[in-house]
Amino acid sequence: MRAWPIFVGAVFALAAQLPQGSELSAEEQRGREIYLRGVSPSGKALSAVLGADGVELPAASFACVNCHGRDGTGRSEGGVTPSDITWAALTKPYGVTHASGRKHPPYTERLLKRAITMGLDSAGSHLHAAMPRYRLAHEDAADLLAYLKRLGKLADPGLSDDAIGIGTVVAGDGPFAEMGDAVKAVLTAYFAKINRQGGVFNRRLELRGVESSDAPASRVQALRAALDQDRIFALVSAFTAGADEEMAALLRAKEIPLLGAFTLHPQIIAPPSPYLFYLSSGLKEQAAVLARFAVARYAGRAPAAVILHSGEQPTRAAAAEIKRLCQAAGWETVEEIETPRAGFAAVSLIERLRDRATQVVFCLAPSETQEALLAQAKKLAWSPDYVIPGSLAGRRILDAPAETGAQVFLSVPALPADQTAEGLAEYASLATAHKLPPQHLASQLTALAAAKILVEGLKRAGRNLSRQELIAALDKLYQFKTGLGPPVTFNANQRIGAPGAYVVTVERLSQRLTPVSGWIKPD
Amino acid sequence: MLINVQCPTVRNSQRWPAATVICLVFLLAAAGFAQQPKRRVAHEGVAVEMEIEPVAAPRAPLREGADAIFRFSITDAATGTALTGLRPAAWLDALRENEAQHCGKKIAAFLSGGLAARPALDLNTYYVLALNHDATITVVDPLFHFGGTKLLALVALKSPGHDWALTADQARLFVSLPDVNQVAVVDAVAWKVIANVDLGARPTRLALQPDEQYLWVAYDGADESGVAALTTAGLKVAARIPTGGGAHELAFSDDQRFAFVTNSAAGTTSVVDVRGLRKVKEIKTGRKPVAVAFSALGKAAYIADEEEGNIVAIDAARLEIVARVPAAPGLGPLKFAPGGRLGFAASTMRNEVYILDAATNRIIQTAAVGAQPDQISFSERLAYVRARASEFVYLIPLDQVGKAGQPVPVLDFPGGQAPLGQTARPSPAGAIVPARDPNAVIVANPADKTIYYYKEGMAAPMGNFSNYKREPRAVLVVDRSLRARAPGVYETVAKLPPPGRYEVAFILDAPRLVHCFAASIEPNPERPTNARPPRVELLTNERVIRIGAPTRLRFKLVDENTKAAKIGVKDLQAVVFLAPGLWQQRLVARETAEGIYELEFAPPETGVYYVHLSAVSQGLSANRGRLVTLEARPSN
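Taken in sequence, the protein lines are chains A and B.
For the first sequence, the numbering used here assigns the number -4 to the initial residue and increments by one for each residue that follows.
For the second sequence, the numbering used here assigns the number 355 to the initial residue and increments by one for each residue that follows.
So that you can see chain B by itself, here it is in the shape it has in the complex (with noise of 0.2 Å):
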C-alpha cells in the first residue's frame, strides 16, 4: 500500500480551492498526528521501497485477516537500476508500546531461531502442503522451531488427489483426481481451486515439463492409455495422446524436445515430441517399465523394468538403446541424485539399492535397506529411501558414495512409528521431500497421521505436528521467503494479523541494509468485533527465572477495539512446558488489579519454557494467543 494522496496543484490559481485546503490540512494532520510511515529507505548507495497491498484489492486498506502482498523493491539509490540476486529477509512485528529497541537487535533475535522472540508474521518461512486421503489438502506453517502449528487453509477438492504438480514460481498447484477424471487447479496464493479441468479418462501421474509450457497428464483408461497435454496458461487440454497400455511414468529430455513415457503393459516406452505434440517412437523396454528418469550429464532417459530387472538406457539423441543394466527383480523407484551422474534404483523384493552410474552405464555399488523400498528423494548431501513397510527412513550420503565395489554406507532414523508406505490409497508423489532449510528434509507418515521434520546429522526427527486427524500421503513445501518476482522486486504473501500498529523489519545482507517500516492494521469491519481476542501484554521483564523459585508473571488484557483493560476474564490460563515437551504444568490466572492477571510456577530444572497463553470466553486460543518465552537457570 503506497501512501499516496494527490493534491490538486495549486500554482496556477489565484484561490485556494476548498479540495486544496482540505487536501492540505489532511497532509498537515497526517504529518502531525502519526508520522506517515516513510516507505523508502537508502543507505549507502541502496534503496528499498516496501509497499504491503491486499490480495483480493490491490487499493483497499489492509486490513486484519486478509491476504496482503509485501513487496520490497530493492535498487541503486543513484541509479535506480534494479538489484537483483539479492536475499532480503523480513519480519512484521507488533510495535510496542515505549519500545526503544533497536531495529538491528530485533532483526538479530528474529535471526537467532525465535527461542526468545517471536514475530507477528514471518515472512521468510515456509509452508507444509499434504495430499490427504480424503478430499482435502492441508496447508501448514509448521513453526517447527516454536511448537504447535498453524493450520493456514484446508484446500477442497472434488475427490482424493493422486499426484501433483507445484510451479516454479509456487503460485499454482495441479492435482489429479481420479475417481472424478478431472485435474484440479489450485490458486497457492489464496489456497482456493480456481478451476476443474476435465479430461474425460482416469488422470494419474502429474508432470509440469521444464518450461512449463504444458503439464502432462498420465491417464490409463479401459479403452484408451497415454499422455495428456495441458497448457498451463490457458489450462486447456493440447493433445491427449495415446502411447500404450497400463501404468505409466514420465520424464523429459533436459532440451524439453522429448518427454519419455513408459507404458507398464504394453512393455514399451513412447518418446513424445514435446513441440509437435505427437508420439515418435515406441522402444520396447521390457516386459514391464515402471520407472524413467533423465541423466542431464548423460542425455540419455533410463527405464527400470520391474520384471525383467534391467534398467534401460536410451540416448536422446539417437532415441535408441545404447545400455541395458542388469540389476535385480522388483525394481520400483529411479532417481539421479544432483549432477546426473549417479542414478538410485531400488528393489521392493530384494529390499536393496543399486546406485548406477551413467558415465559408465554400470551398476557401481548395492546397499541393503528396509523392506519394500519404494520412494527415493534427494537433499544436497543424502539420498533418502522410503521403505514402505518400514516405518525408517534410510539415508544414503552422496559424497560417500561413486567408487566401484566400495561398501555404501546407509543410516537410518525413525520416522514415526506405523510403516511409512501403510495407506489404503497411496500416492506416487514424493512423501519425503527437501524442507526449504538446508539439510532438512519432512517426511509424511500417513498411518500416524503426523508429519516429521528431519534435519540431517541427527538421530530422529527435530519435530512433528499433527496432520489434523488426516492421512497425509504426499508432502510438498512452499517457500513463503521474498522471492524476485521481477527484477529488483521481491515479495511474499502473508495473512495479515490483528490490527494495530506494527513494523516491518527488513534486512538485506550484502549489501548491507537494516531498517524497521512502519505498517498499521486496520480492523476488519466485516468480523464481529467480539471475536477478536483482547491483546494480552506481558507486564514482568524479567526473562530468565530460577530454578525451583516460584516465579510470578503478570499480565494486562486490552480490549483491542476499545484500548480498555479487559477486566474479570475468569477462564484465563496458562499452559507451561519445558521445550522441547519434558515437563508441563497447566496453570489458571488470578486478576490481581483491574484487567491485571497473574500466574505463579516453579520450574524443575534448566532449560527453556514457553507459556501459552488461552481464555476460550475471550477467543484466545493457545496456538493463536501470546506465547512468552523464558529461560531457566540454576539459582545461585
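So that you can see chain A by itself, here it is in the shape it has in the complex (with noise of 0.2 Å):
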C-alpha cells in the first residue's frame, strides 16, 4: 500500500454530539448527558458540593460516569467502592447491606434524588465522603432519574440479543477497489465460521460493509451515514488512510471502536484516542526504526544522510522523525530534500549528492520518484544505501543490488517467522472454503489478524457486551498471538498493537530478503 495523497476536501465539522442510545426518550436522552458529562443540557447550573467542607465545584469533573461506570455498576478505585447504582440493585425488596456494614431499605424515586442532592441514603445515613452533593435544577433531576432507571439496561447501537453489527469500509472503486474486495471476502469467510461454531455468547457476527467512492470525503461521508443508522457495533480493517484524522474524529464523537484501520498514517496523539487499535506502526513509526537501525549500522561513523520525502504528510512528519533521531546520534549532515512527483530531476540531485559524499538515502518518497533516482544512479555508478520504510518501496527496487551494487534496508511489520503453520492452516481453509481472491495476500492476512483481535475482545468482553466492554477487553490483550503476524500487546498508551518493525535487506543475487536485525521499536 502506498501512501495515500493529502487530504484536502472539506473538513467535516463535526458535531460533538453523544451517540444516541437506542429508543431513549427525550428526557433519558437529558439524563444521559447529565449522567455522562456532569451538564445540563439545558444550559442550568450543575454543581457539585464536596466534603464537609462544602466546597462547590462544576460538575463536569464529577460526573457519575467517573465513579459508577457505563454500566452504573461502579468500579473500585483507590480504595472507594462505588454502590451498584442500577435502578434494579437500588430498589431490592430487602434493601441493601453494603461490606462496610451500612444497611438501608430499598430506594424510591424520591429518597433517590434526596441521595444525589443531600448525600444521605434511604435510611438517613450518610453517603461515603466521596459521594458529592450535587446542585441541580427540578427539570435536571427529573431527567437523571428518567436515564437511571434505564442505566446498566441500554444495548449499545448495532448490537442485539442475537447479533453484532461489525462494519468496516472500503473503496468501491479507484485502485483500492480490488483490495477492498478481497478484505470483505475475508472478513465475510472469517466471520461466517465463527457463526457455524455457535457466534460469540450467542451471538453472530454480521458484517456491515461500508462502500463509496474512492475520495476520502466520500469515505468519510458513507461512514458517517452508516453509523447514523445504528446497525454497526464495531469496525475492522476500515479503510481510513487518506481520512484518518476525519475518520477518528468521527469514531471518537460516535463512541464507536475501530480494529486494524488500513493506514499509513494511525492517529496518535496525545492524549490517544481509547476508540483506535491500529495492528501495526505506521510510516512514522517506520522511519523512526529505520533511523535506529541506521545510527546502530553505523555506529560512531556519523556518515551524510539524505532523506528524501514528497514533502506531503505523513511522510514529512517521518522524515523530520529520521533527522531527529540521527542528529541526536551525532550525524552532522542530514539533508531533507522534497522531491516533487512531476519534474524530479534525478541527474542533478545525484550530482549534487556525491559531491557531499552522502553515503545513506532515506527514501520516503513514492516509487515513480524511485524509479527515476536508481535508473540515473545506474548511469551514474553511484551506489549508497538505501533505507526505505517497506511500505514505500517499489518494485524496482529490489533490482538496486543487481544493478548497482548498492544496499538497501526495507522495515518490515512482520516476518514469516510471525507466521504460524496454524495460522496459515487457518487462512488457507477459508480461502478454500470461500474462494478467496487470489489477490492482495498481505492486506487478507491483515484483516484476518484484525478480525481475529477483534471477536477474542469480544470473546474476553462477555455476553454483558459493550463498545466500552470491548474497549476494556482489548486493552487488556498482552502478546496476544494471531498466528498471522507479530503478538499484540494493546494498553491506554498503546495503540499499535506492534509498535516497532523488522529491517531486512536485499540479498544482491537472489533478491532475497534476509533480516538484518531483530525487532527495533520506535521508541
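I should point out that these hints are in silico values taken from the structure, not numbers from a laboratory.
Some clues are possibly wrong.
[Said to hold, decoys possible] Mimicking SDA-like on lysine to any residue, the simulated pairs with C-alpha atoms at most 25 Å apart in a straight line are: (1) B:Lys635 <-> A:Asp156; (2) A:Lys98 <-> B:Arg839; (3) B:Lys757 <-> A:Ala416; (4) A:Lys454 <-> B:Pro751; (5) A:Lys476 <-> B:Lys757; (6) A:Lys188 <-> B:Gln760; (7) A:Lys98 <-> B:Asp541; (8) B:Lys638 <-> A:Arg198; (9) A:Lys144 <-> B:Asp609; (10) A:Lys454 <-> B:Val762; (11) A:Lys87 <-> B:Val634; (12) B:Lys512 <-> B:His487; (13) A:Lys87 <-> B:Ala840; (14) B:Lys504 <-> B:Val930; (15) B:Lys757 <-> A:Arg199; (16) A:Lys144 <-> A:Pro88; (17) A:Lys454 <-> B:Ala677; (18) A:Lys148 <-> B:Ala677.
Note that this is a predicted model, so its numbers are computed, not measured.
Since each chain comes alone in its own frame, lean on the hints to assemble the complex.
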C-alpha cells in the first residue's frame, strides 16, 4: 500500500454530539448527558458540593460515570467502591447491606433524589464522603432519574440479543477497490466460520460493509451515514488512509472502536484515542525504526545522509523523525530534500549528493521517484545505501543491489517467522471454502488478524457486551498471538498492537529478503 | 483497651476535692511507674491508634486466655480522614528483659517466615476448619512454618455436618445437620454454636447468595423437596420453595436476581426469583442434573447432567436454554475458573476433565485425570481436581488452557496415602481449598485423618497436621489477619497468651509506618495459679551452632506469679529435631544451679534445629512451650 495523497477536501465539522442510545426518550437522553458529562443540557447551573467543607465545583469534573461506570455497577478505585446504582440493585425489596456494614431499605425515586442532592442514603445515613452532593435544577433531576432507571439495560447500537453488527469501510472504485473486495471476502469468510461454531456468547457476527467512491471525503461521509443508522457496533479493517483525522474524530464522537485500520498514518496523538486499535506501525514509527537501525549500523561513523520525501504528510513527519534521531546520534549532515512527483531532476540531485559524499539515502518518496533515481544512479554508477520503509518500497528497488551494487534496507512489520503453520492453515481453509481471491494476500492476512483480535476481545468482554467493555477487553490484550503477524499488546497508551518493525536487506543475487535486525521499537 | 482515666475538672474549684487528688496521684504514679503506654503513633502524616478489647466484655482488663479484638484505626494525621485499602500486619511478642532490639528488626524477623523468630501471637494468621465425620468441627492454627499445630477450638454440633457456608466477613458459619433437620449457626469469632434453626426437613446443600441476605438451604424430604431461604440477620425461614424431587445444587445469577436449583430426580432446573422468593420457571435440562455453575462473563447458568452427559446453558436474561453441549456420561462436578469464561466439568465414569468455553459453548479441551474426579476448585493459577478413588490431586495450569484442541498439561501430587474420597459420610463441601497464602491450598484426607498444605510448584505437600483423630471431610480457611471492619479500622481477634508484658509490633507497608505498642496481659484470677506454666528464659545467646560439636543450651525457669526461679523441676525435657523432621533426639535437662537447667546435644548435620521444651509437672507442653531455633553450620 502506498501513502495516501494529502486530503485537501472539505473538513467536516463534527458536531460534538453523543451517540444516541437506542430508544431513549428525550428526557432519558438529557439524563444521559448529565450522567456522562455532568452538564445540564438546558444550560442550567449544575455543581458538585464536596466534603464536609462544602467546596462547590462544576459538576462536569464529577460526572456520575467517572465513578459508577457506564453500566452503573461501579468500579473500585483508590480504596473506594462506588455503589451499584442500577435501578434493580437500588430497589431490592430487602434493601442493601454494604461491605462496610451500612444498611438501607430499598430506594424510591424521592429517596434517590435526596441521595443525589443531599448525600443521604435511603436510611438517612450519610453516603461515603467521596460522593458529592449535586446542586441541580428540578428538570435536570427529573431527567437524570429517568435515565438512571434505564442504566445498565441499554444496548449499544449495532448490538442485539443474537447479533453483533461489525462494520468495515472499503473503497468501491479506484485503485483500492480490488483490495477492498478481498478484505470484505476474508472478513465474510471468517465471520461465517465463527457463526457456524455458534457465534460469540450466542450472538452472530454480521459484517456490514460501508462502500463508497475512493475519495476520502466520500468514505467519511458514507461511514457517517452508516453509523447514523445505528447498525454498527464496532469497526474492523476500515480503509481510513487519506481521511485518518476525519475518521478518528468521527469515531471518537460516536464512541465506536475500530480495529486494524488500513493506513500508513495512525492517529497517535496525545492523549491517544481509546477507540483506535492499530495493528502495526505507520510511516512515522517505521521511519524511527529505520533511523535507529541506521544509527546502530553506522555506529560512531556519522555518515552524510539525505532524506528524500514528497513534501506531503505523513512522509514529511516521518522525515522529521529520522532527522531528529540521526542528529541526536551525532550525525552532522542530514539533509531533507523534497522531491516533487512531477519534474523530478534525478541527475542534478545525484550529482549534488555525490559532491557531499552522501552515503545513506532515506527514501520516503513514492515509487515513481525511486525508479527515476535508481535509473540515473545506475548510469552514474552511484551506489549509496538505501534505507526505505517497506510500505513505500516499489518493485524496482529489489533490482538496485544487482544493478548498482547498492545495499537496500527495508522495514517490515512482520517476518514469515511470525506466521505460524496454524495461522496460515486457518487462512488456507477459509480461502478454499470461500474461494477467496488470490490477490492482496497481505491485506487479507492483515484483515484476518484484525478480525481475530476483535473476536478475542468480544470473547473476553462477555455476554454483557458494550463498546466500553470491548475496548476494556482489547486494552488488556498482552502479547496476543494471531499466528499471522507479531503478537499484539494494547493498553491506554499503546494504540499500535506491535509497535516497531524488523529491518531486512535485499540479497544482491537472489533478490531475497534477509533479516538484518531483530524487532526494533520506534522509541 | 483505651486507657481512659477521667479526672474531675479542677478549674472552677478553689479546693481540690479528694477524688481529684487521688486521681492525680494515680496519674502521676502511673506515669512514673510503668510509663503508661502510648497507644497512638503518628509518622509522616499517618496516625495509627491501637486498642485491644476483650470480646466478651469490652471494658474489662486484658486477661490471659480471653479472646480479644486487636483494633488499629489508621487515619490521615492532619485531617483525621480514615485511610482505606491498606494492608497492615501485626504481632504480639513478649517484651523480654534488657531487650534493646529495634522494633523494625523484630518485624523483619517475623516477616522473614519465622525460622528464628516466633511471636507469642501472629495476628496475620489463618485458621483451618475441618468438617469432621463426627458431630464436630476442628478449628486449628496450622503453624505450618513451625511444625506442630494448635487446636484452638472443637465446635460441638448436634449431629455430623453435611455442608457449610461461611459469611464473607468470616464472622458466621452455617452448617447443615441432616440428621436433626437443622442448620447450626456458629459464631466464627468465639467458635460457639449460637443457634440451631429448625427446618422440619432434611437440609443438605447450603449456599449464601452473594449479598448474603438469604442463606439458601436445599432440603430433600420424602413428601417435599426444594429450597428454603433463611434470613441471615434474623435466622428466620423466609420461604420454603418446593422445586422438584431429588438432590439439589444451587447457583446464583451475578445480579442475584435468580437462583438456579437443580432437581436430580425430577430432571429439571428450577429458576427461583430471589427478590420475590418464588419459583418462576422450571426447565427440563436432562434426566439427571447434578451440578450447576453460573458464568458471570456469559451471563448464563450451566447445568451438568450425569446421565445424558450434556452441559446445558440457560441464559439469565431470557431464562431459556441457549446451548446444549455434549460432554460425556457420568458428569459430576462443574465449576467456572476465575473470569467466568472457562468451565471445568468432569466425568466420574470416564475419569476425564472437560473444559468448556462459555464464549462459544463448546468443549474445547479434554484432560485425563485419576479415578472418579468429583471435586474441582481453583487457585489464581491452577485448577485442582480431586479424584475420590485416588490419593492424587490433579492440577491444570489455567494459563495453559483455553486454546481449542491443544493438549492439556496435567500435573499431580499425592494428597496423603488413602484415596481422597474414602469416607463413610461424604460431604459435598470442598476438600481442597485455597490457603490464605497465595498459590497454596489445603487438602483434606479423611481416611488419613490428616490435613495437608500444598504450595504450588512443589512435587508433594509442604506440611501436614493430624486432625486430632477425626476424619476431615471438608476444609475451610478462615483468615484471621487484620481486616477492614469500617473505613480505616482494621481488626482481628486472637486468644491472649499468658500474663506478662508484651509489645504489639505493627507494620504498614505503604505509607510506611513501623511501631511497637506496649501492651500487658493480666493473669486470669479464675484460673488456678499452679495451672500456669513457668516462663522459660533462654540464657544461651548463640543461635548458630557447629556440626558434631556438643552444644549446650541453658534455661531459667521463672514462676509467672512470684517471679522467683523455679527450683527442682525433674522432668524438664526437650525434643530436638532437624527440620523438617529428618532427625530427632529426646533429652532430659539437668539443673546446674537454682532454677537454671542445661541441655546438651551434638547436631549431626547442617540445617535448622527446633528445640521444644516440656515439663508435664509444670504444665509446660511441647506444643505450647518455648521453642528455640538453632542453625547448624559446618565446623570450620
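Hint check results:
no. : hint                  : result
1   : B:Lys635 <-> A:Asp156 : holds (21 Å)
2   : A:Lys98 <-> B:Arg839  : holds (14 Å)
3   : B:Lys757 <-> A:Ala416 : holds (15 Å)
4   : A:Lys454 <-> B:Pro751 : holds (20 Å)
5   : A:Lys476 <-> B:Lys757 : holds (11 Å)
6   : A:Lys188 <-> B:Gln760 : holds (19 Å)
7   : A:Lys98 <-> B:Asp541  : holds (21 Å)
8   : B:Lys638 <-> A:Arg198 : holds (23 Å)
9   : A:Lys144 <-> B:Asp609 : holds (16 Å)
10  : A:Lys454 <-> B:Val762 : holds (21 Å)
11  : A:Lys87 <-> B:Val634  : holds (17 Å)
12  : B:Lys512 <-> B:His487 : holds (13 Å)
13  : A:Lys87 <-> B:Ala840  : holds (23 Å)
14  : B:Lys504 <-> B:Val930 : holds (19 Å)
15  : B:Lys757 <-> A:Arg199 : holds (21 Å)
16  : A:Lys144 <-> A:Pro88  : holds (16 Å)
17  : A:Lys454 <-> B:Ala677 : holds (16 Å)
18  : A:Lys148 <-> B:Ala677 : holds (23 Å)
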